[in-house]
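From first to last, the protein sequence lines stand for chains A and B. Be aware that the first sequence starts at 1, since it is given in our numbering, and climbs by one per residue. Be aware that the second sequence starts at 302, since it is given in our numbering, and climbs by one per residue.
Think of the hints as simulated: they come from the structure by calculation, not from any bench. Any given hint could be a false lead.
[Claimed, not checked] Pairs of lysine-lysine residues, derived as PhoX-like cross-links and limited to a Cα-Cα distance of at most 20 Å, are as follows: (1) K242/A <-> K953/B; (2) K953/B <-> K224/A; (3) K345/B <-> K416/B; (4) K835/B <-> K941/B; (5) K364/B <-> K350/B; (6) K835/B <-> K819/B; (7) K363/B <-> K345/B; (8) K941/B <-> K224/A; (9) K655/B <-> K665/B; (10) K765/B <-> K819/B; (11) K242/A <-> K941/B; (12) K363/B <-> K350/B.
A quick note: this is a predicted structure, and the numbers were derived from the prediction, not measured.
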Amino acid sequence: MPVDIEVKNPASPASPIVPPVIERKHPEREFVRFTRLQRALHAGMIVSFLSLATTGLTLKFSYTTWAVKLSRLLGGFQTAGYIHRTAALLMFTVFAAHLYDLIRLKREENKSWRTLLLGNNTMVPTRQDLHQFLATMQWFLGRGPRPQYGRWTYWEKFDYFAVFWGIAIIGSTGLSLWFPVFFTRFLPGWFINVATIIHSDEALLATGFIFTVHFFNTHLRPEKFPMDTTVFTGHMPLAELKRDKPLEYEALLASGELESHLEEPQPEIVVRTIRAFAWIALSIGFSIVIWIIYAMLFAYR
Amino acid sequence: MPRSRRRWRAMKLVWGGLGLLLAVGIAAAATASNDDCLACHGDKTMTTKRGGRTVSLFVDGKKFATSIHAAFSCTNCHADLEGKDLPHDAPLARVQCGTCHAEEQKQHAASLHGKAIARGDALAPRCVDCHGNHDIVAVKDRRSAVAPLNVPLVCGRCHREGTPVQANRKIEQHNILENFSESIHGEALFKKGLTVAPNCASCHTPHNILPHTDPNSSIARRNIAATCTKCHAQIEQVHRKTIRGELWEKEAHVLPACVDCHQPHKIRNVFYAQGMADADCMRCHGNHQLKASDGRNLLVQVDDVAGSRHAKVACSQCHSEVNASRVRPCETITHPVDCSRCHEEVGQQYQRSKHGQLLAAGDKNAPTCKECHGTHHILGKHDPVSVSFSTNVPTLCGRCHREGEKAAVRYAGRQHEIIQHYTESIHGKGLLKSGLTVTATCTNCHTAHLVLPRTDPDSTVNPKNVPATCGACHHGIQEQFVESVHSASITKTDKELPVCSDCHSAHSIRRTDETGFKLDIMDKCGRCHEEIAKTYFETYHGQVSRLGYTGTAKCYDCHGAHDIQKVSDPRSHLSRANVVATCRTCHPNATRRFAGYLTHATHHDPKKYPFLYWTFWGMTTLLLSTFAAGGLHTLLWLPKALQMRRELQAEKAREAGESTAPTEKPEAGKDGNHAG
C-alpha cells in the first residue's frame, strides 16, 4: 500500500539497539509495516475473495461432482448466490474503505496527490521498479547481486493493481449478471453472455494467480516458509526489514524515524489466532487450486 | 320323408279299401260273419286258461264297431280262422298286423323291442301291447292309446320305476316317466294339454325305437340335433352366442349334444340354474381324493364355480366333447377347454398376440387363458378380488415378467425390472398406493389379450401408436402433441421422432413436478438435440441445472412441453410475439432487449457468435500470458530463494552456536549482533 503507517508509539524510552537489562525478558520490538485498517481490509479481502471464488467456481465447474457436492454443502444454488452477492458487497466495501483511507491520508498528511502517488514509498510503478525488475532477472540468472528493494517491490505493486483491475472488471460484469434486466435496458442481450465469459475467466485468473503466484511470492517463499504473517500481524522483524527492504530501512535510519515505527510484538494468543486464520485461508486457497487444475485438465467438458 | 310317407299312406288306403270290399264280399258270401264270432265272444264270462292264468276271451262288440277296424271281419285279422267251422280250435295264431301295416312291422322288427321279441324276451312289447286289440281307434282320436296325450302312459307302463322292465333290463335312465311329466315337454302335454308337445314317440319314434348307441337311432349323438330341431327349428339362432351355428354340423362330435345340457326327460327352459349336469360331474369331481394319472388333483370346488362369472355355465359347456352316455362322460374329451368358443373375439386377439404366437410355436412358457384367469373360479375384471381387477394386474403379469421370472429372463429388450419400476412410477403409486383403479396398469397400455412387442406395427406400444395409447387417458396432452413439431403428422423426416415414452419412459414414469424428472428431461432432449443441449449447459441456466437445482429455466420452461413448435412458428413460446412473455415468467420486468440473451450461446463458434468467440480467446490469452509470466518469475526465483533459506539457516545455526558455547554472558552480544 502506498501508505505510511501512523505512528503508534511515538516515543520509546529505550534504544532498540541496546535495550536495558530489565527489558531483556521481553522480545525485541518489531517494525510496523501495516496499519490496523490495512490488516482489517486484507482480512476482509480474504473472506470475501474466498467466498466469491468458492461459490462462483461451483457454477463454472458445475460439470464436476465436486461442484455438485460443494453446492449442496453451501446450501444450494440460491444460498450460494446470496453468499456470492454478500461477499461481493463486502469486497466493494473493502475497496471503498481503502479509497477513503487514501483520501483521508492525503488530507492528514497535507500532501499533494503528486507527492503521495510519486513519492519514495509510492505504490505506483516507477522507473526504479523497471530497473529493479531487470536487476532481479539478472540476479535470478546469477549475473548480479540481489537488488536493493524499497518499501514496495515491483511484484507487490503488481499484486496491488491486479486487485484494482480485478474489482473493476469482475465487479462491473458481476453487477450486470446480478441485474441483467436493468443492464439490458441500454445494452444488447448478448452483452450478458459476454459479461459471463469475462466475469468467469477473469475470476479464474484472479483465483489462479492469487492462490499460486501471490501465495508463493509473499507466503511460501522458501526463506519465509511456511508463512509470512506480516500482513496479518502488521509486524515485521527488523532483521527482515533490513534484508528485504534495505532501501526503506536506510531511509528510515537516515531520517531518524525508524524508532517511531517500532512496536512491541503482538501477544502470543493474537499471533496464534492469526496463524490459525491464515492457515485456514491458505488451505481453502490451495484446495481451490487443486480443484481448478482437476476441473480444467481432467474433467473439462 | 313326409311326402313319400303320405303317398304310401294314400296307397294303403286305396288298396286297403279295395281289399276291404273284397274281403267283405267274400265274407258275406262264404264264411262266418262277425256276429257269428260275437255269439260266443260277446259273453263277458268267456275265459280260457293260458300259461296258468285265466284270460278273458270277451270281445266288446260295441267298441269294435267304433274301432278303426270296424269294417273288417274278425277273420281278416284272425286269418287262421278263415273258412274254419265254429266253434274253432284254440289257441289261435298271433294276429299279423304287418299283413296290412308292413312298414311299421318292419321297423318294429328292427327296433329294440322287435329284437327283444326275437330273443324271446317275454317283456318285449308287441303291437297289441301299445295299440290294444279290438278297440284300436285312430291316433287322432283322443281315446287312442297312442294319442299324444296317452303315449307317455303307454310307454310308462313299462318305463317307470318299479316295473319289471325298469328293474330287470339295462336301461340307463331312471324315473323316466316322472322326470318327463315334470319336464317342460311333460308340462306342456299334461298341464297345458298341448297335443303338439313332444311325447316319447316324438323323440324315440313310434316303432323304430333304437338305443342311443345305435348310429341310426333318433337319439344317437349325431342325430340328436336333427331330432330336436324337428320342433326347435331355430335353435341355432338361440345358441349363436354359445356355439357358432356352423359347428353344429361340422363338429358334432366335439360339440356338446343337446342332451349334454338339456338332459333327456328332464328338460327345463331354466335348466342352467338348476345345474343338474354339473351335479353329474361333481359325482366324481367332488371327491377330494380324485387324482389324474399324472397326479393332478381333479377336485372341483363347487363354491369356486358357483361364485364365479361362469356360475350359470354348465361344466359341459366348457368341457365339451363329453359323452353323456358313458359312465365317465369325460373320457371322450381329447382337447383342453377352448374359451374362444364363447369369447370368440378375445380368442382371436390372443392368437394374434405374442402369448398366442408362443403357444402356437409350442413354447411351454406360453400363457393360456387359464394362466391369467384361472379355471373354475374366474371372476370378472370389475370384481376387486379377481386376478384381473386393475390393482391385481401388476402382480398377475409380474408372475412371469418380474425380474428373474420366465418371461423376464428370455426378454432381450431395453426394459428391465419392469414390475419394480412400474410400482415406483406415478401409475404404480396411483394404482397401488392411492388405490385409484382408473390408473393405467399393464393392460391399459399393452392391452389384455392383444399383447404385442413394440416392434410390431400393430402393437399399442409401437412408437407409432404410443401417443394414441397414452392419449386414451391423457387426451388433452395428445391433442397438443399431435400438433407439435415432434408429431409424425407435422414433421416429415427419416429420423426417429420422440413419443411419450422417450421422455417419460415406459415403466418409470414420474410426476413431472418432481426434481429428478425436471433434471432428467434435459438429458432426454439432449439425446437428439445434442449440440443445443451442450450450449445450454454453458449458460447460467444450464450450469445451475447441472448442479441439480430446478430454479433456473430448463428446456420446457421456454420451449413448452407437448406443444413445442419451431421457433419460427408464430405459435411457438419463443416466437417474436411470445418470447418476451416467456422470459417474463421468471424475469418479470424483462424487455425485448433482455430477450436477446443467448440462451444457447457457445464461445466455440466464431461465425455465429463472434463476440463471444473473441471475448473468450482474448480472456484466455490474458490468462495464459499472466500465468506464464507469473509462473516463470516464480520458477526463476525458486533457486535463489532456496539459496537464501540455506544462508539464513546457516546464520541462525551460527548464532545458536555462539549463544550456547559461552554460558550466560554473551547473550548481550547476540542481541548486539542481531541488531547490528
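Hint check results:
1. Straight-line distance between C-alpha atoms of K242/A and K953/B comes to about 16 Å, which keeps the hinted pair within the 20 Å bound.
2. Using a Cα cut-off of 20 Å, the hinted pair K953/B and K224/A holds, with the two alpha carbons roughly 14 Å apart.
3. Proximity of K345/B to K416/B is assessed by CA-CA distance (about 35 Å); at most 20 Å being required, the pair is judged violated.
4. With a CA separation close to 48 Å, the supplied pair K835/B and K941/B exceeds the 20 Å bound.
5. A threshold of 20 Å between alpha carbons decides the hint, and for K364/B with K350/B the separation of about 24 Å lies outside it, so the pair is violated.
6. A hinted pair counts as satisfied when its Cα atoms are at most 20 Å apart, and K835/B with K819/B qualifies at roughly 17 Å.
7. Between K363/B and K345/B, the direct Cα distance comes to roughly 13 Å. Compliance with the 20 Å bound is thereby established for this hinted pair.
8. Distance check on the hinted pair: K941/B and K224/A sit about 13 Å apart at the alpha-carbon level, within 20 Å; holds.
9. In summary, the hint linking K655/B to K665/B is supported, as the alpha carbons are separated by about 13 Å, within the 20 Å threshold.
10. Distance check on the hinted pair: K765/B and K819/B sit about 25 Å apart at the alpha-carbon level, beyond 20 Å; violated.
11. Restraint check for K242/A and K941/B: the C-alpha separation of about 18 Å stays at or below 20 Å, so the hint holds.
12. At roughly 25 Å between alpha-carbon atoms, K363/B and K350/B are farther apart than 20 Å, so this suggested pair is violated.
Of the hints listed earlier, those the structure fails to meet are numbers 3, 4, 5, 10 and 12, in rising order.
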